[in-house]
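Trainee: So the chains spell out like this:
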Amino acid sequence: MSSGALLIQLAYVVSAALFIFGLKLLGSAATARRGNTLSSLGMLLAIIAALLDQGIVEYQWIIAGFLVGGVIGAGVARMVQMTSMPEMVALYNGFGGMASLLVGAAALDSSAGTFTLVTIVLSILIGGVTFTGSIVAWGKLSETFGSGAVQFGGQQIVNSLIVLAVLASGVMFCLQPDNPQWLILMIGLSLLFGVMAVIPIGGADMPVVISLLNSYSGLAACAAGFAVNNNILIVAGSLVGASGIILTQIMCKAMNRSLSHVLFSGFASVSSEEPVVEGEIKPISVEDAYYVLEAASNVAIIPGYGMAVAQAQHVVKELTELLEKNGAEVNFGIHPVAGRMPGHMNVLLAEADVPYDQLLEMDDINPRMETVDVAIVIGANDVVNPAAREVESSPIYGMPVINVDMARTVFVLKRAMASGFAGIENPLFYKDNTRMLFGDAKESIGGLVRELGNG
Amino acid sequence: MDAVFLTFILMLSIFLGFELINKVPATLHTPLMSGANAISGITVVGAIALAGTGKHDLANWLGAGAVALASINVVGGYMVTDRMLAMFKKKEG
Chain A
1 MSSGALLIQL AYVVSAALFI FGLKLLGSAA TARRGNTLSS LGMLLAIIAA LLDQGIVEYQ
61 WIIAGFLVGG VIGAGVARMV QMTSMPEMVA LYNGFGGMAS LLVGAAALDS SAGTFTLVTI
121 VLSILIGGVT FTGSIVAWGK LSETFGSGAV QFGGQQIVNS LIVLAVLASG VMFCLQPDNP
181 QWLILMIGLS LLFGVMAVIP IGGADMPVVI SLLNSYSGLA ACAAGFAVNN NILIVAGSLV
241 GASGIILTQI MCKAMNRSLS HVLFSGFASV SSEEPVVEGE IKPISVEDAY YVLEAASNVA
301 IIPGYGMAVA QAQHVVKELT ELLEKNGAEV NFGIHPVAGR MPGHMNVLLA EADVPYDQLL
361 EMDDINPRME TVDVAIVIGA NDVVNPAARE VESSPIYGMP VINVDMARTV FVLKRAMASG
421 FAGIENPLFY KDNTRMLFGD AKESIGGLVR ELGNG
Chain B
456 MDAVFLTFIL MLSIFLGFEL INKVPATLHT PLMSGANAIS GITVVGAIAL AGTGKHDLAN
516 WLGAGAVALA SINVVGGYMV TDRMLAMFKK KEG
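Same order as they appear, the protein sequences are chains A and B.
Mapping the first sequence onto this note's numbering, position 387 (from 1) lands on 387, and the numbers just tick up by one.
Mapping the second sequence onto this note's numbering, position 93 (from 1) lands on 548, and the numbers just tick up by one.
To be clear, the hints were calculated from the coordinates, so they are not data collected in a lab.
It is possible that some hints are incorrect.
What the hints assert, rightly or not - Derived DSBU-like pairs: lysine-lysine, alpha-carbon spacing no greater than 35 Å straight-line:
#1 A/24 - B/544
#2 B/546 - A/317
#3 A/442 - A/317
#4 A/317 - B/510
#5 A/24 - B/545
#6 B/545 - A/442
#7 B/510 - A/253
#8 A/24 - B/510
#9 B/544 - A/325
#10 B/544 - B/478
All values reported here derive from a predicted model rather than from experimental measurement.
Produce the complete structure using the sequences and hints provided.
Mentor: Dropping the structure here:
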């Protein structure tokens with residue numbers, strides 16, 4: 001190894017250490033920002049080291065690529081609304097996958113041995129599936145394609161055939177690497193498989209899907225690292241892969257569903273009988289809600305994706321301040337799958353200046369629910385559905401939920417009577433202690449804020 | 456030998472990743488994912504060498520495309536993560 005090459009390898013070691021230390025600092029909200037900066041320095045170092053490679057004879061295409069990607073990346077990062085973070089992460093997963101596919105394909109040369117060929121197959125397969133899968137996930141999240149599950153008879157058989165065809169073309173490619181048709185066939189089939197794998201998954205399962213695709217984008221980088229024989233790609237790629245897998249597990253557990261269940265069967269196919277719901281819906285006016293809230297000394301707010309859609313997080317913060325001024329204790333209960341990606345609600349509330357120590361996880365807020373005077377559910381539905389505990393025939397039976405029905409009074413803010421993203425009836429709305437506050441969440445809370453401000 | 460060595464690195468990094476990420480609190484999961492997006496842009500390092508061969512063949516163009524895509528992830532991922540993390544504040548007093 002020449003001294004130049006040795007220096008490059010040493011730089012990769014330092015950059016791997018920076019990635020690791022950066023992730024370690026992400027373990028606490030107080031140090032997380034510093035962690036992100038360290039991680040970005042690690043990336044900068046790795047890029048500089050890569051640019052010093054002896055094999056590089058011209059720089060214009062590298063610079064052109066940097067400029068195009070950097071401008072797009074910076075523009076999107078500045079403009080993106082926090083509400084749209086799931087879509088953005090989905091798209092970025094896809095770009096990562098595509099980049100690895102391209103690197104894998106470009107790494108092919110006539111001298112490649114069998115091991116390299118196999119890793120090229122893997123980076124094309126994982127990268128391709130990640131790319132089209134993420135595009136479909138993005139389409140569903142942004143409702144460009146409609147968020148429903150697309151299912152048809154014999155779907156699993158078709159998908160199994162595609163998997164077999166991908167594997168077969170991969171084997172043929174390894175046997176005849178000089179014949180480009182196998183490579184092209186494999187790329188095409190991988191892209192097709194990504195689409196087929198994500199279309200049967202319904203909108204409510206998107207937090208699982210983007211976590212999983214996040215993991216794939218890392219594994220694709222890993223495979224590309226094997227293909228071009230580069231340590232830092234393997235280290236960084238597997239850190240991302242592990243992160244995505246952990247998030248996937250957390251999401252699945254929070255929905256009481258196994259990963260294979262999420263991937264191979266939509267919600268719709270599970271549910272057959274309508275749960276019997278007793279009782280009646282009791283609407284409440286903003287004014288009456290105010291009287292109840294004014295007397296409350298312990299308030300819990302349970303936000304869901306509906307809060308993001310109504311852009312209500314800022315008025316929610318105002319409401320929180322007024323209630324605290326009124327002497328009430330206010331906490332937020334965040335369900336792991338509230339919103340459309342892990343931690344989505346936390347970011348939206350952080351944007352509205354709600355301090356993170358006021359955001360309680362499900363397991364922390366549930367034991368206190370009986371002491372809560374008023375639980376305010378804002379645009380959440382399935383994550384507070386008591387059917388998950390009580391109705392065995394419900395498709396979400398067994399899913400851990402926030403037990404708002406244990407609070408003395410529950411206000412449910414809802415645009416109109418309709419079931420949630422998952423399309424499941426919610427008996428919470430019919431409980432004796434539940435009051436429905438119909439209308440746009442932002443306007444309803446705005447009304448409460450005015451009443452409290454005057455009172 | 457190279458293959459074994461690289462697989463060894465893979466195995467250790469995955470275990471390390473599990474240990475590190477398990478300690479990330481739920482409140483930071485969105486920044487964790489966007490930060491992971493940025494790290495998965497590490498593919499840019501592999502793409503740089505391919506985009507700079509000067510051969511002007513197919514592999515060269517694929518490499519340049521990969522540099523562009525991976526830079527979107529790197530630049531966009533780190534910037535948006537920083538933007539988010541700047542918003543996380545502890546309760547005063």
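Trainee: Each of the hints needs a verdict: does it hold here or not?
Mentor: Hint by hint, here is what the structure shows:
1. A/24 - B/544: 19 Å, holds
2. B/546 - A/317: 13 Å, holds
3. A/442 - A/317: 11 Å, holds
4. A/317 - B/510: The hint is violated at about 58 Å.
5. A/24 - B/545: 19 Å, holds
6. B/545 - A/442: Roughly 25 Å separates the two Cα atoms, so the pair holds.
7. B/510 - A/253: 50 Å, violated
8. A/24 - B/510: Distance ~41 Å between residue 24 of chain A and residue 510 of chain B Cα, so the pair is violated.
9. B/544 - A/325: Within the cut-off at roughly 20 Å; holds.
10. B/544 - B/478: 19 Å, holds
In this structure, the earlier hints numbered 4, 7, 8 are contradicted, and the remaining ones agree with it.
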